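*Asks:* Below, each chain spelled out in residue letters.
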Amino acid sequence: MASSFTRILSSKRNVGILSLVGGSVAAGFLLHREHVTAGEPLRRRYPASAEYPDLRKHNNCMASSLTPAIYAKLCDKATPNGYTLDQAIQTGVDNPGHPFIKTVGLVAGDEESYEVFAELLDPVIKERHNGYDPRTMKHPTDLNASKIQSGVFDERYVLSSRVRTGRSIRGLSLPPACTRAERREVERVVVDALSGLKEDLTGKYYSLTLMTEQEQQQLIDDHFLFDKPVSPLLTCAGMARDWPDGRGIWHNNEKTFLIWINEEDHTRVISMEKGGNMKRVFERFCRGLKEVERLIQERGWEFMWNERLGYILTCPSNLGTGLRAGVHVKLPRLSKDPRFSKILDNLRLQKRGTGGVDTAAVGGVFDISNLDRLGQSEVQLVQTVIDGVNYLIECEKRLEKGQDIKVPAPIKQFK
Amino acid sequence: MPFGNTHNQAKLKYSSEQEYPDLSKHNNYMAKILTAAMYERLRTKETPSGFTLDDVIQTGVDNPGHPFIMTVGCVAGDEETYEVFKELLDPVIEDRHGGYKPTDKHKTDLNPDNLKGGDDLDPKYVLSSRVRTGRSIRGFCLPPHCSRGERRAVEKLSVEALAALSGDLKGKYYALKNMTEAEQQQLIDDHFLFDKPVSPLLLASGMARDWPDARGIWHNDNKTFLVWVNEEDHLRVISMQKGGKMKEVFTRFCTGLTKIETLFRDRGHAFMWNEHLGYVLTCPSNLGTGLRAGVHVKLPNMSKQAKFDEILSKLRLQKRGTGGVDTAAVGGVFDISNADRLGFSEVELVQMVVDGVKLLVEMEKRLEKGQSIDNLMPAQK
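Chains as they are written, first to last, in full-length UniProt numbering: chain E, 1 to 415; chain Y, 1 to 381.
In case anyone wonders, no lab produced these hints; they're calculated from the structure. A couple of the hints might just be wrong.
Claimed, not checked - Here are the computed lysine-lysine pairs in the PhoX-like style, where the Cα-Cα straight-line distance is at most 25 Å:
| no. | chain 1 | residue 1 | chain 2 | residue 2 |
| --- | --- | --- | --- | --- |
| 1 | Y | 177 | E | 57 |
| 2 | E | 77 | Y | 45 |
| 3 | E | 204 | E | 228 |
| 4 | E | 228 | Y | 177 |
| 5 | E | 57 | Y | 25 |
The structure displayed is predicted, hence computed values, not measured ones.
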């Protein structure tokens, strides 16, 4: 693998060394210095211009922001764990994108990636998160579910409600970069903490490597089981390495609170129920998250979080809250109305099919959720979904009665 | 460099046990051989270019394998991989290549005059003949590990060398990322175009990174000599033509390869080769000659014979469908080729194919006439 150290040492410039941070790095550097003076041939080195990827046919946020100048500046840097720019952008180089869907095109290998490669990540974040500027803005975190107004939907329309987010364990590398030992450590830390959950949150862990046939079938029937990623966006970033080692699913006995371990993030946390009680779903979500946080803190760990980016996750698109709050809702008439997309846009909502991202709607039932992740708090985003879905249901009811509907004014983004 | 294996030193803060992969459900050569103790001894090493043990084995960890087919489960990132990780790779090589020992020497023979016969395989049965191998350019990292700059340098060198070929070897290069629609269609029609690998065995080792950057196809105007650049190896060299004139195919193969080697040497570059492993390629299964000489041959009766597989085995031959590895035979037409790569010279392997196919066609003709093939049964080669 392209060791950051051999690269730096093979160049006559020593600039790269100054950009490295951390003690383990110094130790690694010293070990390599010895290695070098032993007279072994170093890797042939090419200038940044020879290494710069061909992005002419690309349409993703990374390709939009990665100029040759930024590449040249960052290509010799590495995080303390040794994660490099080439690793971060590999998924975006390998997946040129779609003319209509603009993917992010890069991932973080660890918390420090967002700092060391800030010159690329900041503009990508800005583009993906509608102008949120990590250099000047602060992200609000608010998990106080009592602030939610209304939030119990008409169950003739809303079939189910769900809120998900992700959390990363500070000090351990993220799925694109983690070693097997780190991944197993994430599993150990989280499973250990989850075993401390009580009452309606009491649950059980099912490791992907150890689960029985029956357990597997049950998890499939419950729609809980996640499988090895097939999307090249994820596999090219290295997230599926060593599958299924260190991966698993935890859920409470009531099957309303679920955690995925070591899939696309260290953890994905999901609260869900049939029916329209989004308020209760969110209340359980907040309570569960806070309890898990308390339990890992008791053991000396914490989540990755900072003031400018909120919760740190693998994909820059999930920064901030990492939150997607959504419902499965019947909108057969509204979905056929030509104004549907504009209404969703103005309400800052997004539609998906009931299979999740990149699936089609079936029987007029849509997955409707918040578009935004960063720059607004969890409470704000869930409120947006509640208000928006209520409006959509009103529109559907009006159309049922043959009445006309209005496109609402666009709501403000950063409050 | 496969993805997130980050810097090897950072990983060493975890114990070997904590990092050792779970190979309990695995069935590949790497998993058979890599014990926890071996993992501990090798995990601190890396090649001068930074390829680590985890890089070598990632594809084998990610692809547990098949109960019936033994895959190799490891790859080389550079020439030095075979030295630095000898402790793992020597037994893998021994197992995969029929008992080839770490002290054995491999003979290279690219003199087509040493081939006996091979110009008269019956074209009513033998539809086409083909010989392929791979070559790696010394001093550059291999496809699992190379950077974009390196891959482009390999492409540039190769294209320059190939541009100097003349006579019946004169040809043209088509870069994958620049080809026109018309060129692409022609290459597909000629069955020359290779596509981005889809096999998880290849993807998991990082060979498809940056596709299609610096990948391309060169072929001569006659369409009988073809070179793939930066697919699974630096170069894959193929000589092919319709009919059964294997000797002609092999002669062009040897002449072309020798010329290409000279052209590289003129430019200051050598192929990766040593006395023990022969030509060094990405996958340990392709060491030695890296050679697969094969024919598409009609054997509808033979293929229904109970002893077909046994006969092939005795002849040191292997069957595949006409789509190549992991495909089915169509209309009784099989791809028959040498099973070995290392420990036999190029001439020896092509001789086995020539002799073996001749015998199989004989047997087919007998079976057509309802005659017995018992007295034609071969001894183990």
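*Asks:* All the hints need checking, so say for each whether the structure fits it.
*Replies:* Evaluation of the provided hints:
A threshold of 25 Å between alpha carbons decides the hint, and for residue 177/Y with residue 57/E the separation of about 10 Å falls inside it, so the pair holds. Restraint check: the Cα-Cα separation between residue 77/E and residue 45/Y comes to about 23 Å, which is no more than 25 Å; the hinted pair holds. Pair hint residue 204/E plus residue 228/E holds up; C-alpha atoms about 21 Å apart against a cutoff of 25 Å. Restraint check: the Cα-Cα separation between residue 228/E and residue 177/Y comes to about 30 Å, which exceeds 25 Å; the hinted pair is violated.
This hinted pair does not check out: residue 57/E and residue 25/Y have alpha carbons roughly 41 Å apart, beyond 25 Å.
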